[in-house]
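Two independent chains are provided; combine them into the complex using the hints.
Protein chains in written order, with the working numbering: chain A, 1 to 429; chain S, 1 to 335.
Hints listed in this document are in silico derivations from the structure and should not be mistaken for laboratory results.
Do not take every clue at face value.
Once the Cα atoms are required to be at most 25 Å apart in a straight line, the calculated PhoX-like pairs of lysine-lysine come out as [claimed, not checked]:
#1 S:Lys195 / A:Lys269
#2 S:Lys55 / A:Lys376
#3 S:Lys28 / S:Lys51
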Amino acid sequence: MNCDYACASAEHEIARRQFLGGLAAGTGAVVGGLGSLTAPEALANLAKDQKRMIVIRLAGGLSQLESWDPKPNTDTGGPFRAIPTSVPGIHISELLPYTAKQMHHLAIVRSINTKNGDHGKGNYMMLHGRRQTPGQNLPEIGAVVAKGLDNESISLPGHIKVTSSGSGGRNNDASYLGPKYASVSLGGGKPPAYTERPKNVSETAEAQQNLFRRLANDRFAQRRRTAETDAYVQSYEQAQELMRQREVFDLSKESKKDQERYGPHEFGKHCLLARRLIEKGITYVQVQHSNYDTHNENFEFHFEQLGEFDRPFATLMADLADRGLLKHTLVVVLSEFGRTPKINPRYGRDHWGTAWSVCLGGVGIQSGAAYGKTNKNGTAVSEDEVDAGHLFATYLEALGMRWKGRFNIGGRKVLMSDPSTPPIKELLT
Amino acid sequence: MKADPKQVHVSKEYAHGAPLINCRFDPKAQHVFATAQDRAIIRWTLADGKKTEFKAHDSWVRGLAFSPDGETLVSAGYDDTLVWWPANAGKPTPIRQIKAHAGWIRAIASSPDGRLLASGGNDRILKLWNLGNGKLVNEMKGHELDIYSVMFHPDGKHLLSGDLMGHVRQWEIATGKEVRRFEAKDLHTYNTGQKVHYGGVRSLALSADQKHLIAGGLHKGTNPLGAVNEPLIMRFDWESQKVLKKHIADGVKGVIWRNVIHPDGFVIGCSGGSGGGYLLFWQAKEDKAFHKFKLPDTAREMDLHPDGTTLATVHGNSKLALSKLAPKPEPEKKK
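Only chain S is shown next, with the shape it has when bound in the complex (with noise of 0.2 Å):
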C-alpha cells in the first residue's frame, strides 16, 4: 500500500498510566515500544494490544534500540545507564546494565550490521559499545555542549551526532576522529534575557540515496522558557556539506522531536509545543510543509513502521497513538 499524508489519520491509541516520552516500532514490527515517565518501558504487541512492561531503569528512559533482528532492545535512562533485554521476553529482565556515562544519556543508535551501539548526553562524550557484549570500544570527544541525537551512515564506516549548540559532527568509526562537521546553527539559540542555551539537533536521518542529510529542532526560540519556538529541519547536501533547504511550518509553535525521510521521499516532522502536536509532511524541495496534520495532543516522539504506512506517536496525555497514512476505513454499516 502506497502511503498517502493527506489521508494521515489516528487509527488506534493505547493507554498507559503515565505521560510517554519515546517509542519506536522493533526491527519486525511486532510491536511498539515506548517508554515514561513513571520510568517503564512499556512493550505493545501490534496484533493483540498485549501490554508488558520492562522495569529497571532509576529515571526516565530516553533512548531505545535494537539489534537488527529484534531480539534484543537496548534502553538508555537518565540514569547514565544502558541496558540490555531481551526484546520478546513474557518478563522481560534486564541482560545487562551499564554506568555508561556521567549525566543523562540522550541518544543511542545500532549500527546497520547489529556490532555496535552508539549513545551520548549531558557528558558530550559520545562512546561506541559492542552490542553483543556491551564492551565499551571507543570514546569520542569534542563535543561543546549536550550530545542530543546520535545516528549510523548506512557504509557502517561513519557515526554522526548532533548538540545542543547545533553542530553535527561525523566521526571515523575505525579511528574515532571527526572528519567533518555539519553547522546547523538555525538550531541553536542562547537567550540572553533568560540566559540559556536552547535548541540543539533533536534529529537526525539521511535520504534513502544517502545523498542528504536532515537536522531537525526548532527555530524562532524568542522564549525558550514560555515554549515560544517553531520547528525547522535543514537539509544539506551530503558530499558539499551545503544548506540545501530549510523546513519550516509557519505559526506552528513546538519543536522537532523526531525526522525521518519516508522512503517515497517526503519528510515527516514529529512536532510538539505550547502549539500542541503535528504531523507535519514537507517534499525535498520546498521550505514549506504540503500537508500538517494535528494530533489529539502534543507530541513528544515518533517512528515509522517498517511498511512505511504507519506512524507512532507519544503524548503527554499518556497515551500512544498510531496513524495511518492511508484513508480512513469506511465505517462498517449497520446490517
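Isolated chain A, as found in the complex (with noise of 0.2 Å):
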C-alpha cells in the first residue's frame, strides 16, 4: 500500500519532509524526532496557541444526583443535599464543595439521554459519539483531536491515558488515523514501559544503533515506502523521544507545594500529571477514577470516590485558569452512563443512560452554564435531550475544529462526527 496522508493539509506534508529530512540528514549527534527540528521561538508560539484536551473518565457510571443533578428531598434524590456554587443559580451535590467554587470555569449537560445502560457501549458511544455497530471501527475522540490538533513541534505522542493500573503501552484506539493518533496509557502514571535505556547499553552503542537503524530505514524507504513503513519509523522515532524526554512523565519535578496541593493519592497525582503533560504539550490527556459502578451502598462510596475526586480536580481547573491554559484547554468530565434515580434495596443505583449528566468547561465553552433539563425526581429529560452524538460534536467545535470536519483516508473522506448529532450551540462560545 503507498503512503497517503489522513490530512492531505500543506502543513502536514511540510512538516513530515522535514521530519523525513532530518532523518535522512542521520547526523546521530542527537536522537531524532521533531523536537529537534523546531526553533525554541517557534515551539513557544505553538505551545500558547495550541488547543488541547483532558478528559477525566468516572469510570463506572457516576451518579448524575449525587454530583452535576442533585434532586434532594425527592423519592429518588438520596441522603445528600445540595450546594450553591460560584455561578448564581446552579446548584450541585454537597460531595462537590471544591468543585462549586470552580463552576464559573465550568459548564453542566443535564440532559443526556444515550438510551444505554451497558458498560462497553456506553464506553464506546462516548468516547467515539457514535454506537458501536459491527464491522465499523472508529477512533477515539482522543485520536480524533490528536489528529485534527496535530501539533509537529511536539514529539511526544498527543494522545495519553493516564490509568489506575495496568503495565502502560501503546492501545489500539486510533483505529483508520493509524498508529501515531493511537493513545499510549501510563499504567499507575508511570512512564510509558521500557523507556529506560537498558543498563547494559551504553549511550554511544545506542546512538551508534539508532543511527544504523535510520540508515537501512533511510535506504528502504527510497524505493518501498509504505505507510505501513511510516508509522514504522514514526512509532520508533516516538519511542526514542520517549526515552528522551522521560521527565515529562516524572511527578517528582513538580514543587512538593504542588504535590501536596493535589493530595496523596493516586488521582490527586494523576490531576497534577495530567496538568503537567498539557504544559508540556501533549494534546490530549485522558484521566480515569475507578470505581462508581455503585449497585451496592451508592451513598457510600460516592462519599469515598467523590471525596478523592473533588479536590484535586478543582485544583486542577484553578490551576489551568490561573495559568492561562484553560482558553486552550478543554476540560470534560464524563462517564459511560448515569445512575438510577430509583434507590434499589441494597442503598444501590444500577446503570441508567435515559437521564443523567457530564461537566465540561475551558476552551470554547460557555463557563457557567447549565444546559438541558431533568423531571423533579430525575427520571426523564424534560428539556433540551442530548446524546452522545451531540457532546462530540461540542467537543469538536469548542476545540476549533469542525464538526462536519473530514479526514482524508486513503482518498476516503470520512466524517470526523455523525453528521445527523450537531454541536450544542448554546454551549458554545
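Given below as C-alpha cells:
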C-alpha cells in the first residue's frame, strides 16, 4: 500500500518532509524526533496557541444525582443535599464543595439520553460519539483530537491515557487514523514501559544502533516507502523521544507544594500529571478514576470516590485557569452512563442512560452554563435532550475543529463525527 | 415466654411510604421507631399500630437512642445533626437540634445511666454529649476511617467504637483516652480493582456476663460495588481480646447490619444484601448458624424487644416487620 497521509494539508506535508529530511540527514548527534527540528521560539508560540483536551473518565457510571444534577428531598434524591456554586442559580451535590467553587469555569449538560445501560457500549458511545455497530471501527476522541490538532513541533505522543493500573503501553484506539494517534497508557501514572535505556547498553552504543537503524530505514524508504514503514519509523522515533524526554512524566519534578495541593492519593497525582502533560504540549490527556459502578451502597461509595475526585479536580481547574491554559484547553468529565434515580434495596443505584449529566469547561465552552433539564425526580429529560453524538460534536467545535470536518483516509473522506448530531450551540462561545 | 428461634415467623408488618433505614424499640416497649428515606422518623404504637411522624432532619436518619426512662429520643442524621425529641409526644417537635459533626452521623448510643450520649460518623471523631442538656463533654480522635458503630460498656467507665477499617477502639470515658483496641480486620476489605474500602464494624454487642464482645459486618467482599459478600460476626474474649469464634453464614449474600446477644446466650444477626434479608441465629460456640429465617425483603436493621421474644426489622420495601421467636398461633377455627 502506498502512503496516503490522512489529512492532506500543506502544513502536514511540509512538516513531514522536514521530519523525514531530518532523519535522512542522520547526524547522529542527537537522537532524532521532531522536537529537535523546530526553533525554540516557534515551539513557544505553538505551545501558547495549541488547543488541548483533558478528559476525566469516571469509570463505572457516576451518579448524576450525587454530582451534577442533585434532587434533594425527592423520592430519588438520596441523603445528600445540594449546595450553591460560584455561579448563582446552579447547585450541585454537597459531595463536590471544591468543584462548586470552580463552577464559573465549568458548564453542565443535564439532559443526556443515550438510551444505553451497558458499560462497553456506553464507553464506546461516549468516546467515539457514535453507537458501536458491527464491522465499524472508529477512532476514539483522543485520537481524533490528537490528529485534528496535530502539533508537529511536539515529538511526544499526542494521545495519552493515565490509568489506575496496568503496565502501560500502546493501545489500539486510533483505527484508520493510524498508530501515531493511538494512545499511550501510563499505567498507574508511571512513565511508559521500557523507556529506560538498558543498563548494559551504553549511550554511544545506543546512538550507533539508532544511526544504523535510520540509515537502513532511509535506504528502504527510497524505493519501498509505505504507510506501514512510515508508521514504523514514526513509532520508533516517538519511542526514542519518550526515552529522551522521560522526565515529562516525572511528577517529582513538580514542586512539593503542588504535590501537596493535589493530594497524596492516586487521582490527585494523576490530575497533577495531566496538568504537567498539558503544559508540555501533549494534545489529549485522559485520566481515569475508578470506580463508580455502585449497585450496592451507592452513597457510601460516592462519598468515598467523589471525596477523592473533588479537590484534585478543582485544583486542576483552578490551575489551568490561573496559568492561562484554560483558554486553550477543553476539560470534560464523563462516564459511560449515569445511575438510576430509583434507589435499590441495597442502597445502590443501577445503570441508567436515560437522563444523566456531564460536566465540561474551558476553551470554546460557555462558562457557568447549565444546559438541559430533567424532571423533578430525575427520571426523564424534560428539556433539550442530547446524546453522545451531540456532545462529541460540541467537543470538536469547542476545540476549533469543524464537527462536519473530514479526514482524508486513503483518498476517502471520513467524517469526524456523526452528521446527524450537531453540536450544542448554546454551550459554545 | 422462652424465646424459640427455630419457630421465628413474621407476626405483623407496618407500612410506610418510603424505604426504611433503621428501627428501635423504646426502653418501655410502648412503641417501635423507624427511620426512612423520606427523612422522617416514624413511631408506631405497639398497642394499636398508631403511626406518628417526626420531621426535622434535612437528610436520612441513621441513629436512634433513648434516655433510659424512654421519655427522650435522640436522632442522628446524615445532615450532621443530632435532634432531641419528646419520644411520647402526640405531636412531636424538636427539643434541641445540634450541628454535631462535619459529615454523616452513623451511630449513636446512650449510656446506661442516662447521663451521656456518644456519636460518631464520617468525620472520624467520637463525641460525648450530655444527654440532658446537649452540651459537648469530650471528643476522641484516632479512627483512621469512618466510625460505623458505638456502644457503652455497662461498667459505665468505657465506650467502644467500631470503624470501617475493622478497628474497635475502647475508650476510657473519664479521660477520653484509648485504652485498648480489638482488631476485627476480617470485617474490612480494600478492593484494589474497584479502589474502595468496604465492610466495617457495623454493629457491636456484649454478652450478658460481659465476657464476650461481638462485632458484625461482612467478609468475602469480592465485589463491593456489586454486593458480593457474606455476613460475619467476630466473637472476642473481652479480657484477652483473642478471637474466639467467627460466626459465618455460608451461601448467604449479605452484611450484618445489627447483631445482638439474646439473654439466653445465642446471637441474632440481621443480614441484608443481594441474597435478600435473613435473621441468623448462632450458638456461642458454633461457627455456623443453627437457624436462618428468610425475611420478606432484604433487611436493613433490627432491634430486639426488651421482652426477648420479638424482633423488629426494617426493609427496602418500606415495611417494618415484627417477627416472633415463638410458634405461630393456631389459626382461629371457623365457627
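Hint check:
For the proposed pair Lys195 (chain S) and Lys269 (chain A), the alpha carbon gap of about 15 Å is at most 25 Å, so the pair holds. For the proposed pair Lys55 (chain S) and Lys376 (chain A), the alpha carbon gap of about 22 Å is at most 25 Å, so the pair holds. Proximity of Lys28 (chain S) to Lys51 (chain S) is assessed by CA-CA distance (about 17 Å); at most 25 Å being required, the pair is judged to hold.
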